[in-house]
Structure formats: structure tokens, C-alpha cells
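Order-wise, the sequence lines are chains A and F.
Plus 3 on top of the position in the first sequence (first one is 1) and you've got the working numbering.
Plus 3 on top of the position in the second sequence (first one is 1) and you've got the working numbering.
In case anyone wonders, no lab produced these hints; they're calculated from the structure.
All C-beta atoms in this analysis are idealised placements derived from N, C-alpha and C, irrespective of residue type, glycine included.
Do not take every clue at face value.
To be verified - Quick look at which bits of chain F chain A covers, simulated, 3 or more residues with Cβ under 8 Å:
#1 37 to 44
#2 174 to 180
#3 204 to 216
#4 233 to 246
Read off the chains here:
There are 2 protein chains.
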Amino acid sequence: MSINGKEIETKFLEYVKKIGAYNEALALIYWDLRTGAPKKGVNQRTEVIGVLSSELFELSTSEQLESYLTVLSEESIQMELSPITRKTVAEMKKDFDRNKKIPAQEYKEYVMLQSKAESVWEEAKEKADFALFQPYLEKLVEMNKKFIEYWGHKNNKYDVLLDMYEPGMTVAVLDEVFSNVRDKIVPLVHKIAESSHKPSTAFLYQHFSQENQEAFSLEVLKQVGYDFDAGRLDQTVHPFATGINPGDVRITTKYDESDFRVAIFGTIHEVGHALYEQNISKDLIGTPLCSGTSMGIHESQSLFYENFVGRNLSFWKHNYETLKSYTSGQFDQVSVEDFYRAINESKPSLIRIEADELTYPLHIMIRYEIEKGLFDGDLQVKDLPKIWNEKYQSYLGVVPENDGEGVLQDVHWAGGSFGYFPSYALGYMYAAQLKQVMQKDIPEFDDLLEQGQLLPIKEWLNEKIHRYGKMKKPLEILKDVTGEGLNAQYLIDYLYNKYSDVYQLEQ
Amino acid sequence: MSINGKEIETKFLEYVKKIGAYNEALALIYWDLRTGAPKKGVNQRTEVIGVLSSELFELSTSEQLESYLTVLSEESIQMELSPITRKTVAEMKKDFDRNKKIPAQEYKEYVMLQSKAESVWEEAKEKADFALFQPYLEKLVEMNKKFIEYWGHKNNKYDVLLDMYEPGMTVAVLDEVFSNVRDKIVPLVHKIAESSHKPSTAFLYQHFSQENQEAFSLEVLKQVGYDFDAGRLDQTVHPFATGINPGDVRITTKYDESDFRVAIFGTIHEVGHALYEQNISKDLIGTPLCSGTSMGIHESQSLFYENFVGRNLSFWKHNYETLKSYTSGQFDQVSVEDFYRAINESKPSLIRIEADELTYPLHIMIRYEIEKGLFDGDLQVKDLPKIWNEKYQSYLGVVPENDGEGVLQDVHWAGGSFGYFPSYALGYMYAAQLKQVMQKDIPEFDDLLEQGQLLPIKEWLNEKIHRYGKMKKPLEILKDVTGEGLNAQYLIDYLYNKYSDVYQLEQ
């Protein structure tokens, strides 16, 4: 490489590191705000976030950065860059172009709109009053449509939004997989509703002290291979995992003493995210590649652990006695098989975040169809409550009593996050596809669970997925690991097998 | 004010706010590092600290700032500035001038030296090997001498260093008060050593569970008026208080199950600092004035609570039964008076941070005399171990077995902090002076303690000291509250009265 190119590469990487440092400081501030920052300090902390975010925005849109990106994108120089620098340039350029194409004034207006819309949404949800929120949602949709024009689009406009969360994902692909899911899952949900072999679940709701739930959660975290020297467990209202850097990946959970599943499955879900972030290659530290490659792949890791590990009979064959030792005896008369059936109960419900494994994809599909209609069809914001209720009736057989538990239930749209929801369903499908391949590589999967030997599973995921960070795009990972593209059939098969067993259905 | 002046004032205050935001982010990062950040993330966190600190240094030495300070220091504009802006300009200008006078290359070299010296000091202390540390200490002293030349000095060179921690403090003042302390305290220490009325203390060292120590500490924190909505209590190896902003002032403590005094008096000490930071006027948020005015005044608050409240018989008359209720009965046969004598035991010792109330000032005096000798006398670094040991023998009657528990015991010099130690002793003297005046304003002081009514005490300190932040200089506060300057006599009288009582000495 020319000496000049080398010099610019070094300077560029320094610059990128600086951006990384601001992101890391902000990640810590957010973690702190959610885990125990004293409430009287929050206003001033918000000012600090404002200062650091502005600085970050300036760094991400500066002429300095532009000139680095221009030079480093030249073909002659590209060839000589390290693979990490090359990917870093591509990643930064994508963000830079996105940011630059929106006029600064409109961007500012949009940020203010988001913040205002979120607080209006909160009130609207509380009062179950969609009319209150409607003008804000309309404006958010309108501005996003305008942004899509700035950014440019080939086929569907909605593809542009999908690509933000799941690079490479399109309406064409999703239409096919969701129609598959719809055709297969909806009938299964109905069949289960009519089953006469429903699991008993009363024992799930008996008192289980927070202290003991925490102790059990910690044992599970150790078992799956979470590194406590590179993380910690705290308590929050909404559980989350945050990868501040690969040596500092924190998880939180929440405790309900009348339903231990909230903490246990919440923790297992979050540790799936955390194992991803803890095991990204250290070579990527200080670059924007040092993070999960997409929302969907991230969710595939959390759902893999939550469902394929945590809701697996073999897992409980190993852990049930330990769990019992932390309780006051409510499971003493319950066999591990009956326990397994209970924690896999499926019941159509109104609220997405409380949905079970089987019905969850339907909640996502409803949101996907609505978003697609808003951006590519002729769906109007004002009609959303009606459409929402119709779809819930049709797919799940339940109808919200009001918009608070209906169309207003999620914060995503208030924050302007359109195109985000499909990632949740993609995560399910990816997880099922990965499981299929893992089963071939590790045929003793269930035996390992039964022995509490979970490290080979983690190592397989480290090797195939985690270490790459953003070095590979989501569909590239999927292709490299499974040899195919997105395929809903594995999830469908898994759900059929599992729920036929749990509900003793005739196949 | 001219429109231009007004505009610059606004811009300047925005600029200052930005500096405040970086400081706040760094304060949070340091708190996190000390309270539970996963150890594998620390290296990368250090990079983040580096980026934010460099940015902060640039902001504090920029031409932009210089031009604001130049305009706002003009007499015609000064007159029209708000008092807060005026003080802010003075404060920023002082720092700016200090920073600017040192050539950038030397400053960088010094920062690297500090960091290297601290790690060498750690090893040297561990191995009790002064020779290892000596060249670094020599270099640190030499560079500080050079800096003093850059900054300029009137009388004593050491004054320049004192002024960094205690604005306005001088060798002339300290010589007088310390000679007073030496003449009065040393004989008292000797008298006590010969006393035949030594308190029994064996019961202090019986097992006291961490959980119960924490519960009791929390009760004390509530009693003194610590605002938990603007703070939290955590556990660390070295206790500290940090005012991240007035709405977020966190304290930490440490627990020793064989000596509950470590946690209890540590907590009471730190809450003295915290009450100061929690009660600074909200008007000062976002300016460099929003912090305690000096190390000495800060220490006066922590020592006021630790000694004048926490080691007071009346305080324990109220709290002793509660304390007992948290123990396994070790105090059941001990009267509150005997308990009081035990926690006020005085014994010459080698380690400053473990010293009692009476001997502590002597530890400080030794360090003061050595620092003064290094900068204004002909003391050589190589002679410090010998001088250290001679002074310990002469003032305290004890001699370290090795330099690890002698001259190498404190980190301060390794960090280049010369002139810092006297603040600790000043804090004692200030506290005694303040107590004297408070006693006049609140003659029922002891009754309030006995009733557990500590809020009037906090409010008095809020009113007289806390709210001002850095709006008043330390000696200005002292003068405004007590009507006089630094006067060691109050501390001496207090110690004489207290220890004559505890050791039943004839006066």
C-alpha cells in the first residue's frame, strides 16, 4: 500500500476507536440509568447524554470522516486494506451515507418528534386512547417515507427499513416465510385450543422467593458458560443484555415471586444475547464490527437458549432437582414431565411480550403485515385499531378490549422503529435452522443437556457465529452454517413436534 | 451589557456545560470501575477514559476557551456578568493558565511518569524496597519543581502546591498551626500512653455479620439526612464518596466482620462528604463551581460527622440499642459509656489510615514537614526513609519495621500529589472551629444527638457551607462562619477535653 494509504488507514482506525469510546461511555450510562441511578440525578444525566450524543453525531458525519472514507474506498487502496479495515470502512460508509442524505434540519425535527411521540404514546396507552397518538404516528410514518425517498429504494420501500435491522432482508423473502408460518401455525394453534390434554399449571404460580430465584439463575448462568469475569447480573423492570465491550457484557432480569418463569426464562433469554457479545473476536474491539451482526441473528441466540435449551425436557432432567431445592416444596408432587408440559403451555393471548413460543410468531406477523401496508400498501394510520383487532381475531382468536392492550401495546412505532418487529420472528426461524445443523454436528445434544454439559453448545455457537461480530452479514452467516437461505420449515417442524407431544395431538 | 457580551456569556456557559458533561461521564466510569465493573472489560474501559480525558484536556486548553476568557475578563464586561458567571470565569481561568503554562510535551511526559510511578510504587511497597521507587519519586519532585517555576511563585515554592488543594493556604499559616499542634498533642499522646485507665476493647472485635452492619449503616445514613433518592450505598475495597451531580452522590463502604468500626465510621465519614455534595445549590449545576470548595473544607464535613457526631457519647445514647439489636450479644454486658470509651481508644500506630482521632494529625504533620523540606528546604528524596523513621519515633514513639509500612505506605506521592496531605489536618481544624460556632447556634446539639434528631445539624451545614459550592473560597467560608482565620486551638481544646475524659486524665 502507498505510504499515504497506510497512514490514512491508521488515522481512520484511531478515529473509529474514538467513536467507539463515545458509544461505550453512553452504553454504560444507559446501563446505570436502568439499574439503579438515583432518580434525582436523571435530569442532569440526560444533559450528559445529549452532549455525548451530539459529539457522536458530529464525529459520524464530519468532513474528516468523509475524506477518510473517500480515500479508503478507492479500489487501489481497498485491495491492500486488512479485511477488518475493509469491513469497517463499508460499515461506516453505510451509516455516513444514511446520515448525510437527510437534511440536518429534518433529522433534528425527527429526533424531537420521536421523543415527543414516545411520551404521548405512554399517555395514550395508559388511557387506551389511540386518537391521542394518531397524529404523531402519522407524522412518524410520513417522515420515514420521506427518508426512504432520500435514501433511495429499488423495489419495496419497506425493504429499506427492514435492511436497517436485518441487512439484506426483503419483503419478497418475508412474504414467503410468513405465509408458510400462517398456513401451518394457525391451524396448530386452533388444534391446541381444542385439545383435551391441557397441562396443569397451578403449581407454577406458588410463592418462590426472589433470593432463591436469583441463586438458581446464577447456577444456570454458570452452566451455560456465561463468564462472570466479563459480566454481571442485575435487576431491572425490563430485562436486557448490553455488550459494553466483549469483556463487559451485563445482563439484567426481573423477579416475580408468583411466577418464577419470568426470571428464569428471562435470564436464559438474555444470556443468549450475552454469550454472543462476550465471544466476539477481540480483534474487532474498537471498531463498529464488535457487536452482533443483526437484530435477527442476535435474537436467534437468545431464543436458542430460551427455547431449545431452557424449554427442553432434557435440560430440566438435569436441573429440576436443583430448582426444587430452592422452592418450598410446590413441585414435590410434580414429575419432571408434567413440569415440562406446564412450562410449555400455549394459549392465544393479546400481549406479545407475554406470548408463548408457539403463538409468538403470529404476533409478529400481524405487525409485519401492518407495517408493510403502511409503507407499500394503502393502509392508513387512522385505520390501525380496526385492522389490528381483525387480525388478532383471525390469527389468534382473541380481540383486545381496548387499544391499550391492542395496537398501542408496543413502544416501537412511537420510537420510529418500523421494520424492527420482523427480526423477532427471524430470530426464531434462524434458531430452528441452526439447531438442525447443530444436531448433526452434536448428535448427543440432548444427552449433554441432561448431563448439564452445555459448553460444547456454546463453543459451537462461538465458532460458527459469535466470533465474527459484524464481519459477516446475517444471511451470509446463515448460508455458511446451514448451506441455505431463510427457511421457515425448520421452525414449523419443531413447533409441530414439540406441541404435538406437549398436547398429545394426533399428528 | 453589550449584546456581544451577553452572547459570549451564553456561549461560554454552554461550553462550560460541555466540559461538565465530560467530567460527569468520567465520574460515573470511575465509580463503576470501583464498584463492580467486570475485570475483563477494564483494559478497554481505560481506552475510553483516555479518549474522554484527552477531549476534556483539549476543551480546557482550547483557543476557543481562551478567547471567551479574555473577553469575559474585561473589566467593563465583568461588572455586568452574573455572580455565578464571574466566579466561573475566574475558576476556569485559573485552570487554563495552569495548564497552558506547562509545555504540552512535558505535561504528557508527566502523565506517563505518574502512571508508571504508581505501578512501581505498588511493587516497591509490596517488597518494602524504597530504592525501587526512589528514582521515580526524584523525577516527580523534579518535574513539580519545574512546574512551579513555570507557574511562578511569590514566597515559598510549596505554597504553589498547597494552593492547588486548599486555595489560599500557605506555609506561613501551616507552620504556625502545626507547631501549635505539635506542642500540645505530642505531650497528650505521651500522657495517654502512660495512663492506667485504658478502655477495654476486646468486644469490638467479635463477629458482626456484614448484612447486619449494612442494615445498621443504612439506619444511620437515614438519621443524618442522606437523601437516598439522590444517592446509593455500595461496597468497595477503599470507601469513598463521589458527587457525580448534586442529584447523584454515591457513597461506598467496606465491611470487616471482625471489626464493625471499619464500616460504621467509614460510612459516617463518607456521608459527611456526601451531604456536602448533595446540598450544593442547584444553580451551580453545569459549572465547575458545583463541587466542594477545597479538599480541606470537604474533609471538615466528613470529619465533623465521623468525630463530632459518630464518636460522640450522645449519638450512641440514641443508637446503641439499635446497634445491639443487630449483634449476637457481644455488647450485652457493655455499658454505653464503656462502649464510647472503647471506640475512642487512642494508640500511636504506624499506618495513617488506621490512626485514631488524636494521633492522626501527627501523621499528617510528618508528611507536611517532609514535603516542605523537599520543595523549600534541602531535603533529598534518598534520605526520606531515615527522616520518616526519625519523625515517627519522635512524634509517635513508634518506628516502622520496614519502608512498606513506613515511607511507602501512601499512594499520594506516587501520583504526584504533593501538598495534598495538609488538607486532612486542615479538615480537623476547620471541623473543630465550625463545631464551636454551631454549638452557639444550636446549644442543644448533644440533646439532638441523643434524640436522633440530626436534621438541624445538616441544615446548619447546608446553610453555612454546602450550598455555596465553590462560590466561596475555603478561608472565606471559615471567616464568614467563624469570624476568624484558621485556628488550631479549638481542635486542641476538643482533643484535650475528650481524651482527658476517655482516659480519665488529670487536667
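Results for each hint:
{"no.": "1", "hint": "37 to 44", "verdict": "holds (count 6)"}
{"no.": "2", "hint": "174 to 180", "verdict": "violated (count 0)"}
{"no.": "3", "hint": "204 to 216", "verdict": "violated (count 0)"}
{"no.": "4", "hint": "233 to 246", "verdict": "holds (count 3)"}
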